[in-house]
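Fit chain W to the supplied structure of chain V, relying on the hints for placement.
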Amino acid sequence: MPSADHVFQSVLHAIESLSGDWEIARPLTPETQLIGDLAIKSLDLVILASSMVKRYGPIPFDQLYARMESAPPKERDLTIAEYVEFVLQNAPRRTPATNAQS
Amino acid sequence: MPKAELPNGTALHYEQVGTGPDIVMAHGMGGNLAIWHLKIAPMLWDRYRILTYDLRGHGYSDLTPDGYTCTNLATDLRLLMDHLGVERADIVGHSFGADVALYFAYLYPERVKHVVLIEPMVPALVPTITRAQFERADWAATVLDKMGIPIPDDRRYDTEYMLREAMKHPIKWGPLKDIPARWTTDRIIALYSNTTILRDALDIGALTIDQIETIRVPVHLVYDRGSTLWRQAYRHLSRSLPNVTSTLLPTGSKEIAHFSPLEKPEVITEQILLAITRDGKARQRSSPAGKRSRTRPRFA
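Residue numbers (my numbering), protein chains in the order written: chain V, 21 to 122; chain W, 1427 to 1726.
Note that these hints are calculated values from the structure, not bench results.
Note that the coordinates shown come from a computational prediction; the quantities given were computed from them, not determined experimentally.
Do not take every clue at face value.
What the hints assert, rightly or not - Restricting the straight-line Cα-Cα distance to at most 30 angstroms, the calculated cross-link-like pairs of lysine-lysine (BS3-like) are: (1) LYS94(V) with LYS1680(W); (2) LYS94(V) with LYS1594(W); (3) LYS1598(W) with LYS94(V); (4) LYS1572(W) with LYS1539(W); (5) LYS1429(W) with LYS1539(W); (6) LYS1598(W) with LYS1572(W); (7) LYS1603(W) with LYS1429(W); (8) LYS1598(W) with LYS1429(W); (9) LYS1572(W) with LYS1603(W); (10) LYS1680(W) with LYS1594(W); (11) LYS1539(W) with LYS94(V); (12) LYS1680(W) with LYS1598(W); (13) LYS1680(W) with LYS1603(W); (14) LYS1680(W) with LYS1572(W); (15) LYS94(V) with LYS1572(W).
The following block holds chain W by itself, in its conformation from the complex:
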C-alpha cells in the first residue's frame, strides 16, 4: 500500500485515486481513510483526484508517541501534499480532521481552494468545562451510550475500558456492518492510552479565537442539528469566519449525530460539491448525489 515517508520522519498511508482537480480528505480521531471510500470517494473519483490519508497514529500510518496537535497534523498534510506534488486542493475534513483542515487553511492558505468542514470542534472554542471532560473522554461515553453501549458511571473516564467495550460490539457502518469486529484493536487502544493525542487535540497553538476571523479562504461548514456538543463551534465559526457558508443537516431518529459522512454520505457528497463549485461552474457530473439529498444549503 502507498506510504509517504515525510521529512519529519513520519510515514503516512494514503490513497490517491481518480482524475481531475484535487480533493483532499482528512478523517476524524479514531477513524481511518475508509470512511471516505465506502461511498463518498466512489461518487467523486470519476471527476476528481481524491487524496485520502490516515492521520498519524491511525490506520496504517505511523503511530508516534506525540505530535498530534492540529498544527502538527496540518504540517503533516502539507508535507504529504509536497510529497505527492499536490500544489493546491479543496480540503475536506470530518471532526478532528476538520480541525486539521481549518488549521491547514490558517497556516497554508495558498495551498487551499475551498475548505469543507464537517463537524469541527476547534481547540480554541472548546469551553473550559468541557475541556476537562474531553481529555477524560467523557464525550466518548456519551456517544457510546447512544450507540447502545452503556458505560457505568465509574468507568466513564476509563478510555481503555470504553474502547474494549466498544470493540465487542458489531461494526456500525459499511460492508461489514453488524459483523462482530473479530480483529484486535490494540492499535486504537495504544493510540488513546500511549500517546498524547487527547491532550494534543486541544492544543490551540496560533489559531486563537481572535485569529479565526483572519482565515480568508472560502469555508463551508456542515453540522448535524443533533450534534449538541459541537454546537458552540458551529455558532462561532459561522459568525466569525469572513468567507463562510454553512448548513445544518437534520439528524434522523436512527442516526448517530456527528457521523454524517457515514450516516448520510450522499448528502455530504452533495455538500462537498456545492462548496467547491460555488464560485465557478459545476463540473460535468453523472452522480445522482444531488437528487438524493433533501437538504438545502443555508448560506450564512
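Bound-form chain V, shown alone:
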C-alpha cells in the first residue's frame, strides 16, 4: 500500500514531466487545482492516470472522470490532494511488481 507522500511525489513528478508542453506558473502544492491552476487537458489527465496505473496497478480512473463530469462546469476542479486521495483509495493493496515502472 503506497503512502500518501509517495503518491503525492509521484503525481508531482508526472505533472512536471508533462510541463514541457504547458507552463506551470507557480510551485505545485496539494492545493493546486488541475483545471483552475494548470488548465490541464484531457490528454494530460490520461497521461497522468497512466503513470499512476504503471506505478500502482489498475485504478478505475473512469470513475474519477465520471465524478468530475457530473459536477457543474463552473465548480468542476480537482486539487492534487484530492487526486492523491483517489489514488490511495483505489489502488490495489499490493502493487504488482510488473507494473512498478516510473
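Leaving out everything else, chain W in the frame of chain V:
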C-alpha cells in the same frame, strides 16, 4: 511521457498500461489517445496490456509535413510495435484509425490476432463524389452542424475557419465536458492546414477494392446506424471481407453518430471483448461492460 523514436525519424507518443495479452488502439483524425482512456482502457487494463498512441501529427507525436497515408501510418504502427517488442496483438481502430488498422491487417497479417474496426471509411471505398467533399472538409461542416456549430455556406470548405469555430465551443466529452476549451488549438489547425493529411487520408495505395477480400485475419466491424456517410463502407466490408462479423449499433437521439467510443464506451468495450474472444474462451473478467450493453452482435 513515453515517446518512441521510430527508424523512419518520427517520434510517437504512446501509453502502455496493464498486464495480459496485447491490445493496440488507434484513434481517429483530429483526435488523440485520450479517447480510449476516458472509459475503455480502464475497463480493460486489469486483464490486457493496452497500447494506445497518438498518430503522427496528433497529440504529443511529431507533426510531420507529410506521410499521413494509411500505408505510412500502418508502417508507423509496425515500427512502434517493433520498438516495444509487441509481436502480435489485437488491433482496434476508430474512424481514420480503423482505416490504419485495416491497412495494418492487410500489410502485416502475421502481427494481428483480430481487428476491431469502428467506423472505417476505407480510401478505396470513398465514392468519387464524396472524395472531393472530403478533401474540402464538407463532411466536417455536417458534423459541426449536428454539434450545434452552424457553418455558413460560404465557409463550408474553409478548414481553418471551421476548426476555430469548433474550438470556441465547450468540450463535448469526458471530465472536461462543457468547459470551454481555453487552450490554443494551433497544433490541430496546423495539422489540417499545413500538412498533407486530408489528401493523404484518401490515398488508396495497394489496398484496392479487389484486394479487400484477400484480408484473412478475423475482422469485426462496428458502425452506428446514424453514420450515413460511412454506410457504403459498412456494406462493402461486411460483404467482401472473408472472415468478418459486424454490428450495427443504434444511434441515440442525443448522440453524435460516428463517435461511439466517446458516446457509448461501455458498448464499444463489449464489442471489443466479443471480437477478440470469439474463437477462444473469454478471459476471466469482472467488468460489468457486458451487462450494460443493450446491443447484440449481428454476425454477417
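Checklist entry - Has the given pair, LYS1572(W) with LYS1603(W), been kept, meaning a C-alpha gap of at most 30 angstroms? => result It holds: about 17 angstroms lies between the C-alpha atoms, which stays within 30 angstroms.
Checklist entry - Keeping to a limit of 30 angstroms between CA atoms, is the pair of LYS94(V) and LYS1572(W) held or broken? => result holds (25 angstroms)
Next on the checklist: Tell me if the straight-line CA distance from LYS1680(W) to LYS1572(W) falls inside 30 angstroms.
Outcome noted: At roughly 10 angstroms apart (the allowed maximum being 30 angstroms), LYS1572(W) and LYS1680(W) satisfy the hint.
Next on the checklist: Hint check: LYS1603(W) vs LYS1429(W), CA-CA at most 30 angstroms. Holds or violated?
Outcome noted: Status holds; Cα separation ~28 angstroms.
Checklist entry - Is LYS1598(W) close enough to LYS94(V), meaning Cα to Cα at most 30 angstroms? => result holds (15 angstroms)
Checklist entry - Within a Cα-Cα threshold of 30 angstroms, do LYS1598(W) and LYS1429(W) meet the stated pairing? => result holds (27 angstroms)
Checklist entry - LYS94(V) and LYS1680(W): Cα distance at most 30 angstroms? => result Between LYS94(V) and LYS1680(W) the Cα gap is close to 23 angstroms, so the pair holds against 30 angstroms.
Checklist entry - Given the proposed pairing of LYS1680(W) with LYS1598(W), does the C-alpha separation stay at or below 30 angstroms? => result holds (12 angstroms)
Next on the checklist: Please verify whether LYS1680(W) and LYS1603(W) have alpha carbons no more than 30 angstroms apart.
Outcome noted: Roughly 15 angstroms between the alpha carbons, so the hint for LYS1680(W) and LYS1603(W) holds.
Next on the checklist: Between the alpha carbons of LYS94(V) and LYS1594(W), is the straight-line distance 30 angstroms or under?
Outcome noted: holds (17 angstroms)
Checklist entry - Is the hinted pair LYS1680(W) and LYS1594(W) satisfied, with a Cα-Cα distance of at most 30 angstroms? => result holds (21 angstroms)
Checklist entry - Keeping to a limit of 30 angstroms between CA atoms, is the pair of LYS1429(W) and LYS1539(W) held or broken? => result holds (25 angstroms)
The structure fails hints 4, 11 (numbered hints given earlier, in ascending order).
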